[in-house]
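Chains A and B, in that order, are what the protein sequence lines are.
According to our numbering, the first sequence is numbered sequentially starting from 30.
According to our numbering, the second sequence is numbered sequentially starting from 30.
Misleading hints may appear alongside valid ones.
The list treats identical chains as one, so a pair stands whether inside a single copy or across any two.
DMTMM-like mimics (lysine to aspartate or glutamate), calculated; alpha carbons at most 25 Å apart, straight line [said to hold, decoys possible]:
no. : residue 1 : residue 2
1   : 86        : 231
2   : 221       : 57
3   : 40        : 129
4   : 40        : 195
5   : 221       : 143
6   : 36        : 151
7   : 40        : 175
8   : 40        : 151
If you're looking for bench data, these hints aren't it; they were derived computationally from the structure.
These numbers were taken from a predicted model, which means no experiment stands behind them.
Number of protein chains: 2
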Amino acid sequence: MTHSIIKLLEKRISANLFDPAHELPVADIEALVRVTTRAPTAYNLQNWRFIAVRSAKAKARLRAIAYGQKKVSDAAVTFILCGRLPDAETLPERLRPSVEAGFMPPAMAQSWQEGARAQYADAQTARDEAVRSATFAAATLIHAAEAQGLSSSAMVGFDAAALRQDFALPADEIPVMLVAVGRAADGNWPQKPRRPVSEVLDIL
Amino acid sequence: MTHSIIKLLEKRISANLFDPAHELPVADIEALVRVTTRAPTAYNLQNWRFIAVRSAKAKARLRAIAYGQKKVSDAAVTFILCGRLPDAETLPERLRPSVEAGFMPPAMAQSWQEGARAQYADAQTARDEAVRSATFAAATLIHAAEAQGLSSSAMVGFDAAALRQDFALPADEIPVMLVAVGRAADGNWPQKPRRPVSEVLDIL
Chain A
30 MTHSIIKLLE KRISANLFDP AHELPVADIE ALVRVTTRAP TAYNLQNWRF
80 IAVRSAKAKA RLRAIAYGQK KVSDAAVTFI LCGRLPDAET LPERLRPSVE
130 AGFMPPAMAQ SWQEGARAQY ADAQTARDEA VRSATFAAAT LIHAAEAQGL
180 SSSAMVGFDA AALRQDFALP ADEIPVMLVA VGRAADGNWP QKPRRPVSEV
230 LDIL
Chain B
30 MTHSIIKLLE KRISANLFDP AHELPVADIE ALVRVTTRAP TAYNLQNWRF
80 IAVRSAKAKA RLRAIAYGQK KVSDAAVTFI LCGRLPDAET LPERLRPSVE
130 AGFMPPAMAQ SWQEGARAQY ADAQTARDEA VRSATFAAAT LIHAAEAQGL
180 SSSAMVGFDA AALRQDFALP ADEIPVMLVA VGRAADGNWP QKPRRPVSEV
230 LDIL
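Chain A on its own, in the form it takes in the complex (with noise of 0.2 Å):
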């Protein structure tokens, strides 16, 4: 497996130093989210919000509810990654472009409301489904910051409550994951030995 991806996805770390010199335009961060959101969603749901938190004063608000965590300043840009519990009305609007490009029939996309209706009417299978919209963007923001040269750094340390007042969350969404994207620094540790595959894995 030598493919370049292979190499990226390989050689990946989670920094944690950052050169705080560093800056992120505005169109470059909205070039990783355009990517980012090609991440798929269940019934193509897109339940998800990005907040590229990237001004030195709501980087300092953030660093607070972050437990003080220094990477979340010193990187360019922290994405605070929401993922917003599935509601079966934002369908029709969801799938629209499928049904008006020609590949879905306008009945699939009515069954589709209604089996998401069913499925998240249960509170537990619908936070699950916003934690993993959000995660899956989190892993496709990451990949593509480092085909850009870029390091990155998932955090689930935070008070979550905390943020949900400070950064004035809806009901509705779950600050799933922050994720600091920016240039390592020097001194980051090297990748994290991981497990043998032979532990983790049954072939059946």
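Guided by the hints, dock chain B onto chain A, whose structure is given.
Just chain B now, with coordinates in the frame of chain A:
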């Protein structure tokens, strides 16, 4: 953004139709999972397990649990991605190679264990982490498969309770997703259009 990885992320589709004659050798499955485990996890917990469903018999069992979806058995392999509820007691073993490699101070490994113990005392937080880890793995598996010229489909449409029973998942494992991997057949839909970036991105 013209890097080949960006192109790959941009053009990926979730395939619905797979070539049922295509098989993946065990060595290829192991190689895919080896790359998959380079995905990040909180505290380097690596709280996951991968069940590669490859035989006709096992595929038939899984397909029944996945409401008869044909791709489950048509794809060369359908992976069951299990996230494990984080167990801080596993961390000394997971982090030992990083300590032995000399970059992680032993005291830090111990403080991570204490951090994880506190963080995951809350059951919802623990479940969220299992979903996150397995989804990070799913995204990495999907991108690794694309790099090999294969196609994939992430699925959440399955009976989780039946899967748990039929595949004998232990109580601390959550079946987060199925991911079919194989050779796409003709007739798959194009990529479903995405929402405009301006609708999902806020820059602060």
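Hint check:
no. : hint       : verdict
1   : 86 to 231  : between (49 Å within a copy, 15 Å between copies)
2   : 221 to 57  : between (29 Å within a copy, 23 Å between copies)
3   : 40 to 129  : between (41 Å within a copy, 20 Å between copies)
4   : 40 to 195  : neither (36 Å within a copy, 36 Å between copies)
5   : 221 to 143 : between (44 Å within a copy, 19 Å between copies)
6   : 36 to 151  : neither (40 Å within a copy, 37 Å between copies)
7   : 40 to 175  : both (10 Å within a copy, 17 Å between copies)
8   : 40 to 151  : neither (39 Å within a copy, 33 Å between copies)
In this structure, the hints that do not hold are numbers 4, 6 and 8, in rising order.
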